[in-house]
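Protein chains in written order, with the working numbering: chain A, 1 to 1001; chain B, 10001 to 10091.
Please note that a few of the clues may not be correct.
To be verified - Partner residues are not named here, just some residues of chain A that face chain B (Cβ under 8 Å, in silico): (1) P455; (2) T749; (3) S897.
Stated by the list, open to error - Some residues of chain A that are not near chain B, with every Cβ distance over 12 Å (derived): (4) K140; (5) K238; (6) N362; (7) S397; (8) S456; (9) S679; (10) V718; (11) I884; (12) E932; (13) M940.
As the list claims (entries may be wrong) - Subject to a maximum C-alpha distance of 25 Å in a straight line, what follows is the list of computed DSS-like cross-link-like pairs (lysine-lysine): (14) A:K228 - A:K482; (15) B:K10047 - A:K269; (16) B:K10018 - A:K742; (17) A:K439 - A:K580; (18) A:K515 - A:K190; (19) A:K32 - A:K349; (20) B:K10029 - A:K895; (21) A:K32 - A:K229; (22) B:K10029 - A:K888; (23) B:K10018 - A:K286; (24) B:K10079 - A:K286; (25) A:K742 - A:K889; (26) A:K8 - A:K329; (27) A:K269 - A:K201; (28) A:K400 - A:K329; (29) A:K201 - A:K32; (30) A:K275 - A:K201; (31) A:K328 - A:K26; (32) A:K650 - A:K955; (33) A:K781 - A:K831; (34) B:K10079 - A:K287; (35) B:K10029 - A:K887; (36) B:K10065 - B:K10029; (37) A:K486 - B:K10079; (38) B:K10079 - A:K895; (39) A:K391 - A:K328; (40) A:K889 - B:K10029.
Source of the hints: derived by calculation from the structure; they are not laboratory data. The beta carbon of each residue, even a glycine, is placed where N, CA and C say it ideally should be.
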Amino acid sequence: MSTNLRVKSSEFIDETIRISFKFNGKTYQGFKGDTLASALLANNIHLVGRSFKYHRPRGIMTAGSEEPNAIVQLNDKTNRTEPNVRATEVEIYEGLEASSQNCWPNVNFDIGGINNAISAFLPAGFYYKTFMWPASFWEKYEYFIRQSAGLGKSPSDNDPDIYDHRNIHCDVLVVGAGISGILAAKNAAKNNLKTLLVDEKNELGGATIYQNSEFNKIDNQSSSNWIKKEIQELKNIKNLEIKTRTSVAAFHGYNYLLARENLTDHLEKKNKQGKIRQRLLKIRAKKVILATGALERPLIFNNNDRPGIMLSSAVKKYADFYGVISGKKNVFFTNNDSAYESVLCLHNKGIKVEAIIDIRENSDSKIVKAVKDAGITIHWSHTIVDTKGYKKLSSISAMKLSNDGLSVTGKNINISCDCLGVTGGWTPAVHLFTQSGGKLVFDENNKVFLPNEYPSEQLSVGSCNGDFKIKEIINNLSINLKQFLKIKKTDFDDITVESEEENSKRNIWLLPSDKPIGKTKPFVDYQNDATAKDIKLALREGFRSIEHVKRYTTTGMGTDQGKLGNMHALGIIADTAGVKMGELGTTTFRPPYTPLTFGTIVGRNVGEYFDIFRRTPMNDWHIENKAKFENVGQWKRAWYYPINDENMHKAVQRESLAARESAGILDASTLGKIDIQGSDASEFLNRVYTNAWSKLGIGKCRYGLMLNEDGMVYDDGVTTRLGENHYIMTTTTGGAANVLGKLEDYLQTEWPELDVYLTSVTDHYATASICGPNSKKILNKIIPDLDLSEENFPHMSFKNAQIGNIKCRLMRISFTGEHSYEINVQANYGKAIWEKCMEAGKEFNITPYGTETMHLLRAEKGFIIVGQDTDGTMTPIDLQMNWIVSKKKYDFIGKRSLYRSDTMKEERKQLVGLLTDDPNIVLEEGAQIVSELNQSPVNMLGHVTSSYYSPNLKKSIALAVVRSGKNMMGKKLFIPMVDKNINVTVANPIFFDTENKRLNA
Amino acid sequence: MFIINCPYCGERDQQEFKAGGEAHIERPKQPTELSDDEWAGYLFMRKNIKGVQFERWNHAHGCRKWFNMVRDTSNDEIKLIYKMGEKPPSE
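Excised from the complex, chain A in its bound form:
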């Protein structure tokens, strides 16, 4: 039984190489060249999966990437498993394992099939309508709905494969290597244009390659022989790169396209190892030629989804290309001539065609005559009204169509069959064209949307442009290509082409049945089980926009994005609502054209490369000393240094005490550093900071606050005057890049007259900050020849010094309130200097502390952290930092905004300190603050921005922003939490050493 469905050895299938694979646990044989779909059909397997909603048995419908039904899980229970893969695209290899999806316990007996029996109770919007009440039950419903949602299973292990990205620049990109694509690429490359030709299949030639019909001839040869010769020639053309198994996923503006090149999916497991699996090609093309072809569309009739019902072109491709017949008793159902090609193909192979049901009244084309001559019955003006066979088609019944096409008359004709080839005409694949922003126009005659307005240098050729017959394709291509590529002639200007003509057309979007529509199942979207009656229901319920109908009925929302049925959905809406299809428009075509793996999208940016971290020169020391790290911007900063099994709280308490009792050391290398030079540097600082800078002496440091033009605090930091025209500015760790950008903006656009140059030097320096009462002694040990007296080196001043041979910049500045020094050295000396400080500080129990302790120490002093205690709505006045806002300066960034009526309001949120009545309760940062507990709705005054337990004060402290907080000193407020209310008192935000005595201690 295994190979009797092979009709003849096909040149595309190598019958000398047998490949065994598993489907649902059972081993089958196929040949090299088979897809999973063709191999399954050859083994007489049509039932591949179950549909999403009704769990109806479904089989293989197509032979390409548009497949809605035959989607499988590959290599289940391995780390390479992949869900929702189209069996029609999988090239089989030794050891491949595939299994059905959306069925339990198995595809032959699926419990979910009960949904089909109760489908009358599962109309469009069923979930929306049913699970609305009572609203509070949603969480309970959701659990069960999620159980039944989704198709395949996503892998749970790490992906073992490697993925890659590649940028490609070319003159011409040709998408699709059917006859139009091949001719276009050949002529582009021959005219000295760097050309890239891509196709999603592993063979070039599209449908023409197996088109061996006496009705289609080029240069007096069969079109397939002619195209084979052309393909042979292509391989020798310089300038032309060809990529197969490459599917264009997206077409963005400026001819930027993304394509997935599949490199190892068709290989055996042992050959996949260590190779790049898929590559995302990022293509910039000067010109794009779309030759994406057309998709055959089905017909929409009652029970049109049974396994064994396939597209007519797919039946032909399986027979001609793969040498596999899909059934022994075939019936075709059509509204155009292309089914007759498939009929002749089977007939010539000796396969029985029982009958053709054609909704047209007649057709007198040559190919129809040939079929008539072959003695095959044609039922003109008939339509199929029902089909039978649960897991495999067993028969169809047809009736005569009324003249208006809305009803059926006469007697039922029953024909037993195991395969039904269906064709409803062809839909140009305009997906990429519309993704690029192209506008479509509706062709009433052929009932297709066609490219109309091109948004970029691009051209659609062949059947994706509505040219379906070889003669039209070649004639139009010759004209359009010359114009588009600005070339004088093409290779095929004078070629003789014979192709069939088609005159008779009849299009009915929804075919009638002898049963009322409510009793039928005409599927429009096979994967999501959306039927024509669902669409009609949506229209009855008032939906009009095509986008809304789509979402309500889920038409076109499956993994196939409705490639087969979208046109019918539009047609049914147009017919029912009485509007023209051209006016209705289409739903938006979104990338990707076929699903992409996450691996392809991220490429090499996985693991530590997913989001690159910046590390300081002392990073290794921190790791060696067991620091815990936190992310600050892109930086990895030492957070705290636990000893033995200390938790964060204990470590921070110990570090904080040590820093105030003896000495602490902090890695401050991450602070942004901007070198500012130029004769107008002082004036520039005057304009960007709120305070005055012109009188700052050389060798002195000053704290500055930077606002946005809206008056809100943007950044802060200490800036040091190194020379007459030379400053070094520090910024917050996270704000460095933005501050530089902002300063550059003002310099280049508002104040180009200023002679100022900015350079980012953040990475050039490593910074160790030593603080505490013993910091002076430690520094003295390291730099014995430097006079550290108050007179020579006071707080807020700067010295150039040397530690051994290493030059350093010393600043006496403090973020902890302690006597402290910042040592800046060239970055590559950072670790050496740090170790030297540790060595010198050993006798003083110098304690390394991380960002958490730094935050605690500064909070004790009421120093703000921009971004923690401010949030883009805080002015310096709100922060109670009036002292830093110059009244004398005529202007600085944001000054005018401080005098807006809104920023001057007394009842703005202002920064205050908070003390809990119980000193052991530490508030939660972000907790809301109220003055009344029993108000409804409660008036929220503000929130806690920083909160710690201070070991130096032996009580908890917090900073908060509170409405009118400035005037609430000593007032009792409340912090309502889930399980308790916390009583707090508004306090001065400077909790420790309010007189700043320790700075000079």
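Given chain A, put chain B in place with the hints provided.
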């Protein structure tokens, strides 16, 4: 993703640039002379046109230079790029 022809570096991918909003809104020379409404006009009011718009762009991951661009926001067509300080085209 569009291609931007930086007046200093040449054609580069959009990824290297940062948009800086509407162009030719000069910072008032004497902000203190302005009423709240006038100052709010400078601070907040932007045209946000669907169609041809004058914009500022910065080659942030390149030469860091700011420049002006005339762009059709409906289809990202860049009509013109010119340096800071240069007069906008009248048309």
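Now the hints, each set against the structure:
1. P455: It holds, given that the least Cβ distance between P455 of chain A and chain B is near 6 Å, below 8 Å.
2. T749: holds (5 Å)
3. S897: This hint holds: S897 of chain A lies near chain B, its Cβ roughly 7 Å from the closest one there, short of 8 Å.
4. K140: Holds, because the least Cβ-Cβ distance between K140 of chain A and chain B comes to about 45 Å, which exceeds 12 Å.
5. K238: holds (26 Å)
6. N362: N362 of chain A clear of chain B: closest Cβ-Cβ about 47 Å, beyond 12 Å.
7. S397: Fine: 52 Å to the nearest Cβ keeps S397 of chain A off the interface.
8. S456: violated (9 Å)
9. S679: Fine: 20 Å to the nearest Cβ keeps S679 of chain A off the interface.
10. V718: It holds; V718 of chain A is separated from chain B by about 24 Å at its closest Cβ, greater than 12 Å.
11. I884: holds (19 Å)
12. E932: holds (33 Å)
13. M940: Check passes; 26 Å lies beyond 12 Å.
14. A:K228 - A:K482: holds (23 Å)
15. B:K10047 - A:K269: Judged against 25 Å, a Cα distance of about 58 Å means the pair is violated.
16. B:K10018 - A:K742: holds (12 Å)
17. A:K439 - A:K580: holds (17 Å)
18. A:K515 - A:K190: Violated, because 59 Å separates the two Cα atoms, which is more than 25 Å.
19. A:K32 - A:K349: holds (22 Å)
20. B:K10029 - A:K895: Roughly 13 Å separates the two Cα atoms, so the pair holds.
21. A:K32 - A:K229: OK: K32 of chain A and K229 of chain A at ~23 Å, within 25 Å.
22. B:K10029 - A:K888: holds (17 Å)
23. B:K10018 - A:K286: At roughly 24 Å apart (the allowed maximum being 25 Å), K286 of chain A and K10018 of chain B satisfy the hint.
24. B:K10079 - A:K286: holds (17 Å)
25. A:K742 - A:K889: The given pair, whose Cα atoms are some 21 Å apart, holds under the 25 Å limit.
26. A:K8 - A:K329: holds (18 Å)
27. A:K269 - A:K201: Since the Cα atoms of K269 of chain A and K201 of chain A sit roughly 21 Å apart, the hinted pair holds (cutoff 25 Å).
28. A:K400 - A:K329: holds (22 Å)
29. A:K201 - A:K32: holds (15 Å)
30. A:K275 - A:K201: holds (20 Å)
31. A:K328 - A:K26: holds (24 Å)
32. A:K650 - A:K955: holds (15 Å)
33. A:K781 - A:K831: holds (18 Å)
34. B:K10079 - A:K287: With Cα atoms ~19 Å apart, K10079 of chain B and K287 of chain A stay inside 25 Å; holds.
35. B:K10029 - A:K887: Holds. K10029 of chain B to K887 of chain A sits at ~18 Å (cutoff 25 Å).
36. B:K10065 - B:K10029: OK: K10065 of chain B and K10029 of chain B at ~23 Å, within 25 Å.
37. A:K486 - B:K10079: holds (24 Å)
38. B:K10079 - A:K895: Between K10079 of chain B and K895 of chain A the Cα gap is close to 36 Å, so the pair fails against 25 Å, i.e. violated.
39. A:K391 - A:K328: At roughly 16 Å apart (the allowed maximum being 25 Å), K328 of chain A and K391 of chain A satisfy the hint.
40. A:K889 - B:K10029: Since the Cα atoms of K889 of chain A and K10029 of chain B sit roughly 14 Å apart, the hinted pair holds (cutoff 25 Å).
The structure is inconsistent with the numbered hints 8, 15, 18, 38, although it conforms to all the rest.
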